[in-house]
Amino acid sequence: MTDALVCQDLTKRFGRHLAVDSISFTIERGEAYGLLGPNGAGKTTTISMLSGLLRPDAGSVHIAGHALTQDPRAAKARIGYVPQEIALYPELTGRENLRYFGRLYGLPRRTLQNRIAEVLDLVGLTDRADDKVGDYSGGMKRRINIGAALLHEPTLLVLDEPTVGVDPQSRNAILEGVDQLVAAGMSLLYTSHYMEEVERVCKRVGIIDKGRLVAEGTKRELVSRLGTSDRVELVLDGDITAAAEKLRAVDRVTEAVPTGTSSVRLLAEGSRHLLPSFIAAVEGVATITGVEITEPDLEAAFLHLTGSTLRD
Amino acid sequence: MLRALLVVSGHELRSRLRDGTALLIALVAPVALASLFGLALGGEDPPLRASIGIVDLDGGDFPTSVRREALATEELQDVLTLRDYADEEQAGAAVDDGEIGAAIVFPPGFSDSVGAGEGGEVTVLTSDSTPLAGVIANSMVDQISALVEARTLAVRASLDAGVPADEVRLFVEENGAAGPTLTLDADPMAGGKVDVAVHYASGMAVLFAYLVVATSTRSLLTDRQLGTLSRLRVAPVPQWTPVVGKGIVGFLLAMTSVCVTWASSVLFFGLSWGDPLAVLVLCGAHVLAATAITMLVASNARTDAQADGYNLGIAFVSGILGGSLVPLYNLPEFLQTLALFTPNGWTSTGLASLAAGGDLGSVVGPIGVVCLIAVVAGGLAALRFRKGLLG
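From first to last, the protein sequence lines stand for chains A and B.
Add 802 to the 1-based position in the first sequence for the numbering used here, that's all there is to it.
Add 177 to the 1-based position in the second sequence for the numbering used here, that's all there is to it.
Pulled out of the complex, with its shape left as it was, chain B reads as follows:
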């Protein structure tokens, strides 16, 4: 049994290695595409920096406390540069010239107005060419607004409760001088960028794994067309030898393809797919399912060309549905439901979980479902082979 399997697998492996197209699909295409996505979306994130202008026409405590709080932490000092401008016109010119990315204008009497419970408005100047600075300036203003609203409410409540206005003002000056406490979250897009790059690299690996397996399993049909399958079947070897032998080679080549894509994304772009053991097991389960599905296709197709058509369709439909090409969260809800019927959907979900720091235990579910798909597809393929190709 083992001898025959080795003979058939060895022959299949040599045939695949001689076939330049197969090597292209197995090694070059996924690495090239993963690299393109890595270059476009991954790698070292540029340091986040923004210069924001402050126009303090108020002269009160509020703008001072905003300036002080904005530069209070080391994290914010690394990110933010504040520059003072005399008026809105100067600040607008500086924004237009690209000298600063955005500016916040505090109008005259702003602090007094807030202290009196009358609220107040600040103006934000932004530029299309520096959206990041605009985001930060608006974020600061949002927090200022929240604080202003809270203070306005508190002052009004105190006045309505009969507290004398002078006492309220004094209270605000003593307790509100610290002004707002500003916090800036880490750039929300930075993490997204790393995740997307990992997503596309692993997505390409998963997508091409199917196509790589398909080149081996479709060769069963090529053998049938050549008549060489008959020779294999009349030889004194177990009847499943051709199917198993080609399946093993397809599985190994697809795993090689996945590992090469994985390694290239780690080495060239510093990406991390997460716990290596879990990634290997999950990808192994995925390739097993791909092997079973391509066997099912081979057991039903009449010619290798027909199998190629089916496999290409299945690869791209399940690739798109399963999030190998487009992240699942970008798909409409009903397509996200359909993704659950594809191995790609479960594998992508598992890989995303691992990239986010999950371990083997966190992907037991996806691995189980993908293995179940492999068992069902493999079982159906076996039944079909018994009636058809090996009948």
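Next up, chain A with everything else stripped away, as it sits in the complex:
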């Protein structure tokens, strides 16, 4: 069976700005793949090219074996796209919205009716199906927004920040729905600002930075790139450049970088036991006024690979 998605050397340039630079990755059938990257990294441009919204300048996209540029209708018929914003008509009811978008996929009337009922049930909106979407809560809109992409039972579901701006309860409902889809064997491409969502939903993660796919793998594989180093944030009072220099010389410290005007970020193994060494190292040039230690996780890996936090 062909992979759900294969994209190779995908490139997009806006004027002189290279937004996406030769990105390649594959999503197997039934696999949930997370795409992480700071704002402006190229995630949305990548997703837009994968969904057929943007023409790539170079590279290729195959959805379930169908080339998006050569056979766009067959390829698009196999994608379910959930845009970041609520892409629905507020003056129409939930059912009317689903019917309209379902008809665009050429579903026969009876099949469409059945699918609308199934999707409404899946997103928990059967009892509000005939209310106008404009009257829905934010969470309900998000759920029906996902539902509209499921009507034609796509091979690959592309979710672009599906939980932005929703309350925790609705967010949980959405994630449970996504879990169900994954459990049912649907292939997923998921982007989010919430690292824990990606960790929960996706088996494999690709990290995009400055238009390039800088790392890819399972969570364990990505975290292992940090070794067993902890991330340590030292808040200092004094000359932080000189302090960073001295901290780099401490045994088992692999990195010491000044961040801002009063802190130094370290990567160090067994950092909890190294605090006395840190204090001794900076003596004479600075005083440590605060310490934060983060053990290796996906967030730390992301920070290590991109130099910024996900929500920067």
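Worth flagging that the hints you see were computed from the coordinates, not collected in a lab.
No more than 25 Å apart at the CA atoms, straight line, and that leaves these computed lysine to any residue pairs for SDA-like:
id, chain 1, residue 1, chain 2, residue 2
1, B, Lys564, A, Thr813
2, A, Lys934, B, Arg191
3, B, Lys564, A, Leu856
4, B, Lys564, A, Gly842
5, B, Lys564, A, Ala879
6, A, Lys934, A, Gln886
7, A, Lys1005, A, Arg831
8, A, Lys1012, A, Leu820
9, A, Lys1005, A, Val1025
Please build the complex by placing chain B on the supplied structure of chain A, with the hints as guidance.
Only chain B this time, still in chain A's reference frame:
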């Protein structure tokens, strides 16, 4: 392709029909405005009648022949009533009382004076409250004056040539007794009234056609703002489906609007726009151009509100320049030249030609130019859409 187009067009049509404002612009506003203009300027013209007094202080042949000729034809008998008054004072009082609309006073010795080649003067009494009668009386006097001048010249020439005065007088009496031949043209304003009413009805139809099309094409931008355009574009349908689907609905609604305005002006005010087939083809070309121009606006605007602003500006500027609001002949010459750059200008010219009795062949030029505008604007819109909305 057709299935997707039907789905998008059907959705667009339902959205427009649910939108009360769109229906107001499409059906109510043009019909209401055309009706107002029709009531003000069209309908059955009141019969033209005028009562004119004659004060014959001359007693000669000239006033008698004027009276006889003025009532010589049936057409003039239907229009004109002549009443005799003894003197200018009585006639003036009758004019002031509204008994008659105007009066012509022939002074004593008028016929003799004309016969002797010395010319003569008549007095016209008019009233501001009956301008039509004044126009007719002056028209009669103008023709009398022309005749008097001609006879005076002829008599003088004869005398100068040495013909004895008695022979000249005899000649004038024998040959000039018939006096002037008066003719009254049909009321020049009556035809104008019918033309102006047709002009405004068709002008409103043409103007509002643009605004109706604009409501559909601007919904492309609404869809973009809602994000629903992205959903349309990721669906397995040809990429031009949203543009074409909305364009078709805009075109059909605008044609409906034009036809409803046209039908109402015919049914309620008895106006005729001319050859129906030619009117339909010309209006179809105009709506096509409007669709292309509004698409060009949609392809350049960032928001639907911005498109509304552009469209309103274009509609009224080209409406004014193109003669949809003010007849082209009322505009300064340079504005009449500018009108040639608007579809409204060509459509108005074509419609005026059809209202004056022209057929399809007489408006091939305007139809061709309006179609050319549609092709150019549509082509530019397509290029912009490829780079922007559908890029």
